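The numbering of the sequence shown is my numbering, which starts it at 1 and goes up by one.
The hints are simulated quantities; they were obtained by calculation from the structure and are not laboratory data. Since we're looking at a predicted model, the values are computed, not measured. Check the hints yourself; a few may be wrong.
Distance windows between CB atoms, simulated [what the hints assert, rightly or not]:
| id | residue 1 | residue 2 | range |
| --- | --- | --- | --- |
| 1 | Arg-421 | Ala-164 | 54 to 64 Å |
| 2 | Ile-183 | Gly-100 | 48 to 58 Å |
| 3 | Ala-14 | Val-179 | 31 to 41 Å |
| 4 | Ile-183 | Leu-322 | 22 to 32 Å |
| 5 | Gly-389 | Asp-269 | 17 to 27 Å |
| 6 | Asp-355 | Gln-13 | 42 to 52 Å |
| 7 | Leu-69 | Leu-322 | 15 to 25 Å |
| 8 | Arg-81 | Ala-323 | 32 to 42 Å |
| 9 | Pro-304 | Ile-183 | 38 to 48 Å |
Ideal placement from N, C-alpha and C gives every residue a C-beta, glycine not left out.
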Amino acid sequence: MRDRGRRWRDGRQALFVAAILAVALNARATISAPAPVLPQIQRDLGMDSAVAGLLVGLPILLFALAVPLASVIIRKLGPDRAVDVMLGTIVLGVVVRSLGTAEFALAGTVVLGAALTIGNIAVPVIIGRELPLARAIKMNGVFAAFSSGGMMITFAATAPLALAFGWEIAIASWGVLAVIAWIPWLFARRSGAMTAAGEQPERAMFTAPIEAISTMTSPTPVIRGPVNRRRGTWTSLSVWLIAGTFACHNFAFNVLSGWLPTILVERTDLSMTSAGLALSMFMGCGIVGAMLFPMLVGSRPPAPVLALVGTLWMSAPFGLLLAPSLWPIWLVLGGLAQSGLFTVLFGLIYQRAVDSDHTRRMLAMVQMIAYTSGATSASIAGWQYDSTGDWTLPLITTAAATVVMSVGAVSAGILVWRERRSGR
């Protein structure tokens with residue numbers, strides 16, 4: 001009987017993980033699809049570089065502007081049903097975006113951005129609700145890894161699909177990922193693999209005693225004294241540091257994910273197809289980084305790991321600026337770091353959270369600030385290129401963003417560590 005119960009629990013946990021990872025494949029793939037074929041879309045729809053950059057940057061702006069709406073949907077429906085809404089809206093967005101006019105392309109991009117904003121908040125809340133702290137941090141890393149995997153597949157396959165069927169079908173085809181993800185997600189919800197919001201007490205990450213939470217990642221307690229359950233969000237310096245760091249990260253990431261194939265074509269001898277594969281490699285390295293760097297943090301202070309991640313991230317824009325012929329080195333190092341920084345930063349949010357609602361509020365604030373900054377970065381880079389005729393100025397701007405990012409990351413890591421130890 002015990003073995004049967006254990007197998008049932010293991011099966012439910014496996015179904016929960018499968019559902020989360022299936023959703024993760026959608027987290028960035030659909031909004032990344034235009035990047036490998038952006039010149040073709042720009043030419044066929046008569047867009048200039050700044051407007052074409054919106055096909056990459058507009059979803060990021062929605063990640064900020066749609067946060068209040070997404071937060072309301074999650075609070076009203078619960079995070080589990082909110083993900084159902086997200087998956088259905090993704091399918092609608094990819095269809096509208098591929099209808100063949102600039103207006104439909106931008107409208108579909110808006111729909112996709114709004115849909116994914118829901119997932120940006122709902123999925124981390126679900127992970128934090130379902131898992132103890134240490135496992136939640138690792139699971140967020142795996143989620144980010146699969147998100148990078150979805151982008152890698154998209155970047156690698158979109159250009160060949162466009163050559164065979166046209167860019168409209170190529171970018172619309174990725175809606176199938178949402179349909180596929182909905183199947184394990186539905187089974188996970190209906191099988192009881194996830195806690196129904198409001199029906200059961202929240203699990204160990206937020207309900208265990210402080211001593212238990214602190215020993216999930218270390219045999220020695222990390223948090224000293226009772227946690228202040230009235231922690232502020234908009235008044236917290238550590239949350240502002242996380243948001244600012246995330247903003248600079250988004251700025252740099254959106255420039256490279258949006259324009260990297262074009263940059264490589266112009267600054268090296270790569271073809272557009274090969275440059276798309278290079279971008280896929282950049283995202284593929286993110287799969288490793290998303291899982292590696294959270295493990296390096298463990299129960300130790302996060303600041304040294306954040307310093308390492310920041311340095312590796314800086315090497316990408318600086319390397320492409322100063323030695324573009326060595327692009328494989330810069331893309332590997334930067335690829336490892338871009339997702340590593342994301343997962344370690346979200347780990348800081350989990351470490352500071354006291355319950356699911358606190359997690360939701362911090363995620364909403366951080367993403368509203370960070371994505372507002374990053375939303376226009378691809379368009380700014382496109383405008384700088386149109387103004388100068390060269391990618392030097394955009395790369396300088398991107399490199400500067402990674403320097404500020406690195407300083408902010410280390411500062412946030414130090415402050416959150418001190419807050420955990422003092423129980424503030």
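Can you tell me whether the CB distance of Pro-304 to Ile-183 sits inside 38 to 48 Å?
Holds, at about 42 Å.
Holds or violated: 42 to 52 Å for the Cβ distance of Asp-355 and Gln-13?
At 22 Å between Cβs, range violated.
Just to be sure I understand the hint, the distance between the Cβ atoms of Arg-421 and Ala-164 should be within 54 to 64 Å; is that true here?
Taking Cβ atoms as reference, Arg-421 and Ala-164 lie about 57 Å apart, which means the hint holds.
Consistency of beta-carbon spacing, Val-179 to Ala-14, with hint 31 to 41 Å:
With Cβ atoms ~21 Å apart, the hint is violated.
Against the range 17 to 27 Å, how does the distance between the Cβ atoms of Gly-389 and Asp-269 compare: consistent or not?
Given range 17 to 27 Å: holds, Cβ gap about 19 Å.
Is the distance from the Cβ of Leu-69 to the Cβ of Leu-322 consistent with 15 to 25 Å?
violated (43 Å)
Range hint 22 to 32 Å (beta carbons of Ile-183 and Leu-322) holds or violated:
Given about 47 Å between the Cβ atoms, the range is violated.
If I claimed the Cβ atoms of Arg-81 and Ala-323 lie 32 to 42 Å apart, would that claim hold in this structure?
Given a distance of about 50 Å, which is not inside 32 to 42 Å, the answer is violated.
How does the Cβ-Cβ distance of Ile-183 and Gly-100 compare with 48 to 58 Å: does it lie in that range?
violated (30 Å)
Of the numbered hints given earlier, the model fails hints 2, 3, 4, 6, 7 and 8; all others are met.
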